[in-house]
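Chemist: Chain by chain, the residues run as shown.
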Amino acid sequence: MGGDSGSQTPTDGGKWYELFSRGARDWLRHDEKVREAVRRHLPQAVAGGELISGGARTVRVPVRMLEHYRFRLRSAEERQGVGQGQAKPGDLFDDPARPRSAGGKGPGGEDEGEVQLLLEFKIDDIVEWLWEEMRLPNLTPRSGPSEEQEWTRQGWDRRGARSRLDRRRSFKELVKRRGAPGAVPTFTDEDLRFRQLALRRRPAVRAVVFFLLDVSGSMSERDRQLAKSFFFWTVQGLRREYRTLETVFVAHTTQAWEFTEAEFFQVSGTGGTVASSGLRKVSEILHERFDAQSSNVYLFYASDGDNAVADTDEARAALAALAGEACFCGYVEVAAGLSRHLDTETGRLFADLSTDGANVGSCGLADFDDVWSAIRQFFTAQDPARAEGG
Amino acid sequence: MSAMEWRDYTARIEQLARESGLRFHPVEFEAVPDSFMMELAVYGLPVRMPHWSFGVRYIYQLIQRHMGHSRLFEVVFPGNPGHAYLAAGNGLAENVLVTAHVLGHADFSRNNLLFQRCQGQVSERIVEHAAQHARQIQQAIDTHGLERVEAVLDAALALEQHIDIDQSVRRPRYPQYTEPPKTLADDAFRRRFAALEPASARAGTTDRRRAPVPPHPERDLLWFVAQYAPELESWERDIFLAVREESFYFYPVFATQIMNEGWASYWHARLLREADFIPQQAYLDAIKCHSDVVRPGAADQQVALGLNPYHLGFAIWERIVAAEGLEAAFAIRAEDDDFAFIRNHLTRELAAELGLFRYRARDGRIRVLEEDVNALREAILAPKYNFGAPAVLVEKVQVDGTLELSHDHAADGRGLDLERGRKVLEYLHRIWRRPVRLRTIDAEGRALEISAP
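Sequences listed follow chains A and B, in order. The first sequence begins at 1 in the working numbering and counts up one residue at a time. The second sequence begins at 1 in the working numbering and counts up one residue at a time.
Hints are supplied without guarantee of correctness; some may be wrong.
Said to hold, decoys possible - Derived CB-CB ranges, DEER-like: (1) A/R60 / B/G306: 52 to 60 Å; (2) B/D142 / A/A366: 22 to 30 Å; (3) A/F93 / B/H66: 51 to 59 Å; (4) A/F93 / B/D142: 52 to 60 Å; (5) A/V175 / B/P81: 35 to 43 Å; (6) B/A31 / A/V175: 30 to 38 Å; (7) A/E67 / B/P81: 36 to 44 Å; (8) B/E231 / A/K15: 55 to 63 Å.
These aren't lab readings, by the way, just hints derived from the structure by calculation. Where is the CB? At the ideal position from N, CA and C, for every residue including glycine.
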């Protein structure tokens, strides 16, 4: 607490300034403000890099120091100043303050030099903020009949592997023994306590997330970045709930292929869009590799919505089949800079199914700021559905 | 222990200073750690209100110090008694020098008229007042929450320089009504005219007209917001007025920097020369330290693109004492500020001797301009006008409460930085709680209005 700063004056003899740094206090406050500001722009900040499957659990965001703004004159093309030294009228030399090579001039920091901070955020923290801030519901996973086994800590024993030695517990034993008359206060083997592990069975909670991306010619680089950012935060949200989460990446144009994550966002195809091919591929993989009954299946589909008209019926059938098995199917329509209100072929497909009562939802994604609202929409949308099922 | 020695020297230096004609309030010296010296430089006062912007400056200071740029020997706060903080790391010789330097400052701040006037306004206990403000703001944070208090401080500190130094710290509000029109001469024509329509003639004399707010363009933005912001809460007003009072304290420090530092440097050099009680070694060390402090801008290199105010002020004072005598110097120290000091006493010969020159920087190239002592003086003084801030005035408050500001671009020579201007208007809008608009010009000189929201 910084409350005591004002309550003492330097004349009353206390060396308060040795105990308390106002500069550090105000600096921490600045830091806090930067973090708040960064939080607001996180989807953008973490859009780059390979993040979805494993990898780094932190993101580093470079930020500029905040400026406390004041009225200032615009920077003039030329400035006048006074110098001192051996210089004659008409002398010319380079300006050390503004090297000629640096063409662009950024706002701020002109006279103090640019200082950049590199803030590191734990992704788990970010996800916690999000859930807290958006008040998103916790998912209620569907657990299958199969159970998985797990080692958990249970009790102590006098023998065990050295790595499981419980020092606190052992020390307590020593203290107890020391209390006895005539005891010698050194550790003996009698004192040592080791943690024991026991095998315990628990219901399997497993989730599979399918990311289906439309990579047809009409998807721009920015569209893909938007989709990636959305996919990333979706995985983080799901990971919060499921201990084991498997991700499958499928891209499609008129055909569909499975990719690794690294390749997934690099893929770009040409030609038209046939959504049913992608949906069928997903369903194929689901049945081949996973147990659709006991897994929590999620499908997120990103596309610009321009599905081939001839494919409408087939796509509807494929989606309806998938929606029956999945916990949730989400559709994001990425259209950088546009907001088309989901009035597209694919948009209508999802909308129709949604009115029929299937667990599907859709959302438009025109900008990085929309990522949060899309996530909020999906996680709240599927909650009531889960309540029935669970 | 050298602290004892130093105490002993301090008393003797003080006596020597008094004999030389300096008049100063007693000064309380305190040795403090380097970290606190840095905070003094950042906050400008020993205890001051919390705000994140000070944290930013603090970090810049830390970086500067790590790069070994600046080192602070002392910070003095005028008052009765004055407070002087010395860096605990100073050696004896440095402290002897610094003591003499501090006495020069103490004499200056006691006798300079600008200091006297501002101290008359904010009292000689600004250090205690500022501590009181800090406590009051901490209480506001406890009651109203950090966010709200910070919003007020964001706006108030952004307008820190926008005060009217010619007004009182406790400036009253504008008169509510305009002056009644002058009663007209009671002549035959008036009497006959009044007889035509008696009612209207009488009404003219009792008709009071509400004065417009502001009655004239107002440059004291902190005061205006504090007095006239719609729905300003009283604790918010107190914060604005606290910032304004501190600005009144900072103004003379700002407006006499060259004189004041020069004066203190002149006196530490002179007192050291005359202090025969100081051992030879300490004297030599102190003189070396002196030459570090008052070294010209271009000591290492051939050319520097800046001035050392210590050096410039020191050189001008030496010339004044040599040419006009000590009595004249005392009078100038009392009457001038930097504007008068530079214009009256920086002569062409001195400028040439010091190697001062004007330059123009454009596209990364610097061209040295022709000699012109008047232009040189103005170039030195240019950053000092209007507390170093653009001239922004309150023009009008609309019926719906919209605040209209204008930027006097003719006086400043060019328009405002629009991005920063908008941000300041955003700060202000949160406190004014009605739309805020500001007229300035763009890069091509066309009229332009920015606003928040």
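Chemist: Which of the numbered hints are not met once you compare them with the structure shown?
Modeler: Of the numbered hints given earlier, those the structure breaks are 1, 2, 3, 5, 6 and 8, listed in rising order.
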